[in-house]
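Visitor: Chain by chain, the residues run as shown.
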Amino acid sequence: MRGQGIVSLHNPWFTASVGITAVIAIVAIIAGFAWLPLEQQGARFQGVWDAICSAAGLVRNPPSAAQIVGADYPTTRVEIIPQILEGASAESIGRGATLALRCTMCHGARGMSQADSPNLAGQSPLTIYKQLNDFKTGARTSAVMVPLVADLGDADMRDLAAYYAYLPRLADHYSNTDPRPRIVANGAPMRGIAPCGACHGDLDSKAGAGWLRGQPAVYLRAQLEAFATGARRNDIGEQMRNVARQMTAAEIDAATEFYANR
Amino acid sequence: MRNSRRLVLAHLWFAFAGFGVALLLGEWQMLVRSPLHAWISDPEWYYRSVTAHGTTMAYVFPTLVAMGFGYFVTEAALKRPMIGLRWAWLGFALVALGTFTAIVPVALGLASVLYTFYPPLIGNPFYYIGVVLVVVGSWVWVALMSVNLYRWKRDNPGAPVPFAMFATVAGSYLWGWTAVGAALELLFQIIPVALGLSDTIDAGLARVFFSWTLHAIVYFWLMPTYIAYYTIVPRAIGGRLFSDSMGRIAFILFLIVAMPIGIHHAFEDPQVGAGFKYLHSVFTAFVALPTLLTVFTICASVEIAGRLRGGKGVLGWLTALPWRNPVMLGAALSFVMLGFGGAGGLINQSYQLDATIHNTQWITGHFHLIFGGAIVIMYFVIAYDIWPHLTGRALDSFGLMRAQLWTWFVGMIVLTFPWHWVGILGMPRRMAFYDYADPAIAAQAPWVTMSVFGGAILVLSGVLFLIVLARGQTTLRTEPEAYRFSVAVHPPRSLPAALNGFGLWLGLMVGLTIVNYGFPIVHLLATPGTAVPAINIGTR
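Top to bottom, those sequences are chains Y and P.
First residue of the first sequence? That's 101 in this note's numbering, and the numbers climb one at a time after it.
First residue of the second sequence? That's 3 in this note's numbering, and the numbers climb one at a time after it.
Some hints could be false.
Derived coverage of chain Y by chain P (criterion: at least 3 residues anywhere in the stretch with Cβ under 8 Å from a Cβ of chain P; other residues may be distant) [stated by the list, open to error]:
1. 119-126
2. 145-158
3. 191-197
4. 297-304
What the hints contain is simulated information worked out from the structure, not anything from laboratory work.
Keep in mind it's a predicted model, so treat the numbers as computed, not measured.
No residue lacks a Cβ here, since even glycine has one placed at the ideal position from N, Cα and C.
Chain Y on its own, in the form it takes in the complex (with noise of 0.2 Å):
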């Protein structure tokens, strides 16, 4: 029964059928792709077959009057992605290990700061990458680092994060019990911020951020007010930037006490 006869002009249920169908999407189709698209005011089409490319979702070179504005200062150049620095070889941590011994006067021995500088035993290698990258081409500035990474490579930057992602964390000692300030926890999302613990650890982490979990409380607050101010200006999203603005002197002094408490 099926199919004999059934694709037939003479059927009226396939010719009533796909008639109507056809006229529905051809009728769409003309209003969605060339009437609608022409009356919107202020698209700059340059004609009809413009229009229906820009509705078909073609890409489309920018009207030449547009200029991309590039930042007046260096930005970042590090693209993170989770994946870059997977499966460091002994070999790459073992060059690390040697390429930071220039770094023990702050960075301490075994990568535990007794300076005021960040702890780095542990943290995550993208951040490590990321913050080198930064301060060689100028998207970070610090008098002291900048100096002492001009002469690194690439691959430097990446064995000494290999090699200070594989020490211990002796923030793995603490114990976890302290109850999160609500900064930490919940962030404040009618300001636009998100919980510190969803990227920089203790909810979860995300790539390029920071693990801050007993970080110097020092160092912690000066990062968020050199965010705040702008004097900071690495992250390429004004992510911390506009984070850090919107926190209160409260907010700020319970994060930096939660974090270099751990």
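Following the hints, position chain P against chain Y.
Guide: The following block gives chain P in isolation, referenced to the frame of chain Y:
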């Protein structure tokens, strides 16, 4: 009927057991993000629960109900043993295996990606493999429905296919084709990344593939409900189906226009051109047509029953209806929820109005009202109606059944109406925490609290449902008479080939899919530089 009793019961028990667990998870989610509960401090638990709730309620529960009911209809409507019983058990085993394969990594927190996958988020590969197994198991059912129809038609040349079977096969074809989108996304995009074969994924293309599945899957969920409207309700209340042909046309229309409209789920996505969004919006409007046909036909059928029972006048037939009959009550409550849900759907379908409620709690309210409300309440009705034919024991707790249906209705209204409202107020969805202490959203707190109570009523209703079925195990064993479907006012003696088969309609379904999806998919495949880095769940 003996042939497939155990098979159908296995499907339905598994479905309702999963439903019971997922229902509790849903209420827990309502509670912990409401003002009644302190913040749980770890959003991961919330998303883990949402993933388990969504995966069970969207993939496992309705698929098993559709499969089980489909096997039941095959034997009851064709009046002969089902062909391929072993294959059907294999399909069931695949669905069961897939369910456990998927849910274990979710329970371990390795796949908190929500049931809609959301690439570039990538979870444990076993989660996706489990979902694929569920789909493959359901495709066994699709094939069996087709084989049974084909063999019956071969043995009964020229005879009209019983309407219940025609509608069931339409539903199975709709699912077979619409599941292809998510299957392509899983097999060619997500699973390779989850297995570590690739670091990047074209998230935009993945969303287009998922939209292929995402809208028509709702109509697949809806199919058992609509089949029950047409083939159970008029019979159960002592009436006649107003028009057999109208019913067939409604299911045919679902087959054609339910699928190539999914891009209305991606109205705010940048990777699809505005022209295609408009095209999908237009066809989404047409999907109201089979529902309007159904509302008309079923209301007319019910009116016939009312008048046969002595109802007179313009509205007198309404009071003559058997309102104490759970099937009548369930269908009426389902229609009310379908009406409200459908009205809300008109907002979602509009390219412009959608922007006002996109990604707000309105959407969550909408699909809970349609699926959890209008559709699932009829799953209960189906279970009540066919259970005695499966177990050989009467279900006689009619008071409990009415209480269960009423509590489900009231609970769903109390749950979803405030949800819609806070959505209009701008409350975003898929968030684990809301700071109700903030004055800007403090006004939403009472509405969210109200929803929690709606959810609690639904849990109560779910418990009542299981009690009704459990009590049915204690009644005396009887041999029920042969199962009957509704009879039309004018039962078809012969039908035009178009209303007795699917060749033409499947052709139109595939053709319209190519018109509406072909270019966006080919364009995204051909455009370089559209892949983004995958973000693995739990990457430290």
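Visitor: A separate judgement is required for each hint: does it hold in the structure or not?
Guide: Okay, the hints, checked on the actual structure:
Under a criterion of three residues with beta carbons nearer than 8 Å to beta carbons of chain P, the stated coverage of the region 119-126 of chain Y is upheld, 3 such residues being counted. Three residues within the 8 Å Cβ limit are the bar, and the region 145-158 of chain Y against chain P gives 6, so the coverage statement holds. Here's how the region 191-197 of chain Y fares: 0 of its residues keep a CB closer than 8 Å to some CB of chain P, so the rule of at least three is not met and the hint is violated. Closer than 8 Å: that is the beta-carbon criterion, and the region 297-304 of chain Y has 3 residues meeting it against chain P, so the requirement of 3 holds.
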